[in-house]
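A.B. asks: Protein chains in written order, with the UniProt record's numbering: chain E, 1 to 199; chain A, 1 to 199.
The hints are simulated quantities; they were obtained by calculation from the structure and are not laboratory data. Remember, predicted model here, so these are calculated numbers, not experimental data. There may be inaccurate statements among the hints.
Identical copies carry no separate label here, and so any pair may be met within one copy or between two of them.
To be verified - Derived lysine-lysine pairs resembling BS3-like cross-links, with alpha carbons at most 25 Å apart:
no.: 1; residue 1: 17; residue 2: 41
no.: 2; residue 1: 41; residue 2: 127
no.: 3; residue 1: 92; residue 2: 110
no.: 4; residue 1: 179; residue 2: 2
no.: 5; residue 1: 198; residue 2: 110
no.: 6; residue 1: 160; residue 2: 185
no.: 7; residue 1: 17; residue 2: 179
no.: 8; residue 1: 179; residue 2: 160
no.: 9; residue 1: 92; residue 2: 127
no.: 10; residue 1: 127; residue 2: 2
no.: 11; residue 1: 185; residue 2: 110
no.: 12; residue 1: 32; residue 2: 179
no.: 13; residue 1: 32; residue 2: 84
no.: 14; residue 1: 198; residue 2: 134
no.: 15; residue 1: 135; residue 2: 65
no.: 16; residue 1: 185; residue 2: 17
no.: 17; residue 1: 23; residue 2: 179
no.: 18; residue 1: 198; residue 2: 65
no.: 19; residue 1: 198; residue 2: 160
no.: 20; residue 1: 172; residue 2: 185
no.: 21; residue 1: 198; residue 2: 127
no.: 22; residue 1: 41; residue 2: 92
no.: 23; residue 1: 17; residue 2: 198
no.: 24; residue 1: 2; residue 2: 172
no.: 25; residue 1: 160; residue 2: 127
no.: 26; residue 1: 84; residue 2: 160
no.: 27; residue 1: 110; residue 2: 17
no.: 28; residue 1: 185; residue 2: 23
no.: 29; residue 1: 92; residue 2: 23
As a plain string of letters, each chain reads:
Protein chains: 2
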Amino acid sequence: MKEGLLIVISGPAGVGKGTVVGKLLERNPNIKLSISKTTRKPRPGEREGVNYFFVSRQQFEDDIKNDNFLEYAEYNNNYYGTPKDFVLETLKNGFDVILEIETQGALQVKSTFEDAVLIFILPPSMKELYNRLKKRATETEEEIEARLNIARGEIRLLPKYDYCVINDNVDKAVEAIEKIIEVEKLRTRRFDVQSFLKE
Amino acid sequence: MKEGLLIVISGPAGVGKGTVVGKLLERNPNIKLSISKTTRKPRPGEREGVNYFFVSRQQFEDDIKNDNFLEYAEYNNNYYGTPKDFVLETLKNGFDVILEIETQGALQVKSTFEDAVLIFILPPSMKELYNRLKKRATETEEEIEARLNIARGEIRLLPKYDYCVINDNVDKAVEAIEKIIEVEKLRTRRFDVQSFLKE
Numbered sequence: 001m002k003e004g005l006l007i008v009i010s011g012p013a014g015v016g017k018g019t020v021v022g023k024l025l026e027r028n029p030n031i032k033l034s035i036s037k038t039t040r041k042p043r044p045g046e047r048e049g050v051n052y053f054f055v056s057r058q059q060f061e062d063d064i065k066n067d068n069f070l071e072y073a074e075y076n077n078n079y080y081g082t083p084k085d086f087v088l089e090t091l092k093n094g095f096d097v098i099l100e101i102e103t104q105g106a107l108q109v110k111s112t113f114e115d116a117v118l119i120f121i122l123p124p125s126m127k128e129l130y131n132r133l134k135k136r137a138t139e140t141e142e143e144i145e146a147r148l149n150i151a152r153g154e155i156r157l158l159p160k161y162d163y164c165v166i167n168d169n170v171d172k173a174v175e176a177i178e179k180i181i182e183v184e185k186l187r188t189r190r191f192d193v194q195s196f197l198k199e
Numbered sequence: 001m002k003e004g005l006l007i008v009i010s011g012p013a014g015v016g017k018g019t020v021v022g023k024l025l026e027r028n029p030n031i032k033l034s035i036s037k038t039t040r041k042p043r044p045g046e047r048e049g050v051n052y053f054f055v056s057r058q059q060f061e062d063d064i065k066n067d068n069f070l071e072y073a074e075y076n077n078n079y080y081g082t083p084k085d086f087v088l089e090t091l092k093n094g095f096d097v098i099l100e101i102e103t104q105g106a107l108q109v110k111s112t113f114e115d116a117v118l119i120f121i122l123p124p125s126m127k128e129l130y131n132r133l134k135k136r137a138t139e140t141e142e143e144i145e146a147r148l149n150i151a152r153g154e155i156r157l158l159p160k161y162d163y164c165v166i167n168d169n170v171d172k173a174v175e176a177i178e179k180i181i182e183v184e185k186l187r188t189r190r191f192d193v194q195s196f197l198k199e
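Just chain E, with the same shape it has in the complex (with noise of 0.2 Å):
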């Protein structure tokens, strides 16, 4: 059986990350997420192994320690980490899987697996993003504007990625995910050119 693809994906806050994300993997038993541990309290609604799974400062620090990341942040005082084993074993038995993190853990991971297909979820535009986080209403003008930088500082790694999809519409966002995981399946380097000949 052919390992899995490796397929990380990033954007700024308010892009709909979490939405195209969620309709990839309805369309696509095969495609697998990964879920982060975290040492952030849970917020209200998220659950245990859905969302994340909650662990101590502690246990974290422990995982570390055993290698056990593929990669792994802080942030505001809380830990974020990809653990290796589900990712790893997931890919070997053939699914595809997904990483739903931040630019700086992105690069990481490409840093240590070579192979991983790094997509960057674009905005239509800056005053577009702008928008989606005024909508949300749960922040004040200034976080906005925060936010907004934050998100200029991550839209400037783009160069480092792979590939970037404007998320305009959730289906045209999911489509072309799809379809770059399967051009992605025809890279001669997933081609065994040996057996081929020898067949």
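Chain E is fixed; fit chain A onto it per the hints.
C.D. replies: Chain A in isolation, oriented as in the chain E frame:
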């Protein structure tokens, strides 16, 4: 306007490249085929400017001197080459350009034109390639064996290509190439981050 994509298609004799490329062009008015120049004499049914531009050895060597080729090579004492002007101008006008050329020329193109996308068309198996060559019924068993040997040599170069598409079914092969073209246009190197952030 965004530049078109340069797509190079190779594959062993008998694999059905011509049929695949013909259908691809028919379905995609945005894709143009580059016509090669050759010093070979036209075969029955071949037309000037459709199959090739037929030129004299002197004209071809003048073109070489004037750096008019994107790639060229000599086979069986005949030159074959891709005129540079047509390709560069057509790409600039936003069309995608297909070169249907053999491996030697393909690798030349990649070395001077890094953004070219190299696609190798494979038969479903070596046995099936033999059957297809046999069906043509224009060649002796010895000639078929010689062709298979050439094919093996070409297939060994497949790792230098970007993608391989198995021509099991013409429509599926055409769709795979269409998806490759679509997905290659989502590559981050084709995206202008600076103007996006300035918008």
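A.B. asks: All hints are to be evaluated individually against the structure, with a verdict given for each.
C.D. replies: Okay, the hints, checked on the actual structure:
In this homomeric assembly, residue 17 and residue 41 come within 25 Å of each other (Cα to Cα) only inside a single copy, at 22 Å, whereas the closest approach across copies is 58 Å. For the homomeric pair residue 41 and residue 127, neither the shortest alpha-carbon distance inside one copy (32 Å) nor that between copies (60 Å) is at most 25 Å. Within a single copy, residue 92 and residue 110 get their C-alpha atoms as close as 18 Å, which meets the 25 Å cut-off; across copies the closest is 33 Å, which misses it. Taking the shortest alpha-carbon separations for residue 179 and residue 2, both the intra-copy value of 18 Å and the inter-copy value of 21 Å come in at or below 25 Å.
With identical chains, the CA atoms of residue 198 and residue 110 are never at most 25 Å apart, being 33 Å at best within one copy and 28 Å at best between copies. For the homomeric pair residue 160 and residue 185, the shortest alpha-carbon distances inside one copy (20 Å) and between copies (16 Å) are both at most 25 Å. With identical chains, the CA atoms of residue 17 and residue 179 are at most 25 Å apart both within one copy (17 Å) and between copies (23 Å). For the homomeric pair residue 179 and residue 160, the shortest alpha-carbon distances inside one copy (20 Å) and between copies (22 Å) are both at most 25 Å.
Taking CA atoms no more than 25 Å apart as the test, residue 92 paired with residue 127 passes in neither setting, with 42 Å inside one copy and 30 Å between copies. In this homomeric assembly, residue 127 and residue 2 come within 25 Å of each other (Cα to Cα) only across copies, at 23 Å, whereas the closest approach inside a single copy is 42 Å. Taking the shortest alpha-carbon separations for residue 185 and residue 110, both the intra-copy value of 17 Å and the inter-copy value of 21 Å come in at or below 25 Å. Taking CA atoms no more than 25 Å apart as the test, residue 32 paired with residue 179 passes in both settings, with 17 Å inside one copy and 23 Å between copies.
In this assembly of identical chains, residue 32 and residue 84 lie within 25 Å of each other by CA distance solely inside one copy; the values are 14 Å within and 46 Å between copies. In this assembly of identical chains, the alpha carbons of residue 198 and residue 134 lie at most 25 Å apart only when taken from different copies (20 Å versus 60 Å within one copy). Taking the closest pair of Cα atoms, residue 135 and residue 65 never come within 25 Å of each other, the shortest separation being 42 Å inside a single copy and 63 Å across copies. Proximity of residue 185 and residue 17 under a CA criterion of 25 Å is satisfied in both settings, with 23 Å inside one chain copy and 21 Å between copies.
Proximity of residue 23 and residue 179 under a CA criterion of 25 Å is satisfied in both settings, with 14 Å inside one chain copy and 20 Å between copies. With identical chains, the CA atoms of residue 198 and residue 65 are never at most 25 Å apart, being 45 Å at best within one copy and 43 Å at best between copies. Taking the shortest alpha-carbon separations for residue 198 and residue 160, only the inter-copy value of 20 Å comes in at or below 25 Å, while the best intra-copy value is 38 Å. For the identical chains of this complex, residue 172 and residue 185 are neighbours both inside a copy (20 Å) and across copies (15 Å), given an alpha-carbon limit of 25 Å.
Taking CA atoms no more than 25 Å apart as the test, residue 198 paired with residue 127 passes between copies only; the shortest distance there is 10 Å, against 56 Å inside one copy. In this homomeric assembly, residue 41 and residue 92 never come within 25 Å of each other (Cα to Cα): the closest approach is 32 Å inside a single copy and 54 Å across copies. Proximity of residue 17 to residue 198 under the C-alpha cut-off of 25 Å is restricted to the inter-copy arrangement: shortest distance 23 Å between copies versus 44 Å within a copy. Taking the closest pair of Cα atoms, residue 2 and residue 172 come within 25 Å of each other only across two copies (20 Å); inside a single copy the shortest separation is 27 Å, beyond that limit.
For the identical chains of this complex, residue 160 and residue 127 are intra-copy neighbours only, at 23 Å inside a copy versus 42 Å across copies, given an alpha-carbon limit of 25 Å. For the homomeric pair residue 84 and residue 160, the shortest alpha-carbon distance inside one copy (22 Å) is at most 25 Å, but the shortest distance between copies (31 Å) is not. For a Cα distance limit of 25 Å, the shortest separation of residue 110 from residue 17 inside one copy, 19 Å, qualifies, whereas the shortest one across copies, 35 Å, does not. When the C-alpha separation of residue 185 and residue 23 is checked against a cutoff of 25 Å, the pair qualifies both within a copy, at 21 Å, and between copies, at 23 Å.
In the homo-oligomer, the alpha carbons of residue 92 and residue 23 lie at most 25 Å apart inside one protomer (24 Å), although the nearest pairing across protomers, at 37 Å, exceeds that limit.
Checked against the numbered hints listed earlier, the structure breaks hints 2, 5, 9, 15, 18 and 22; every other hint is satisfied.
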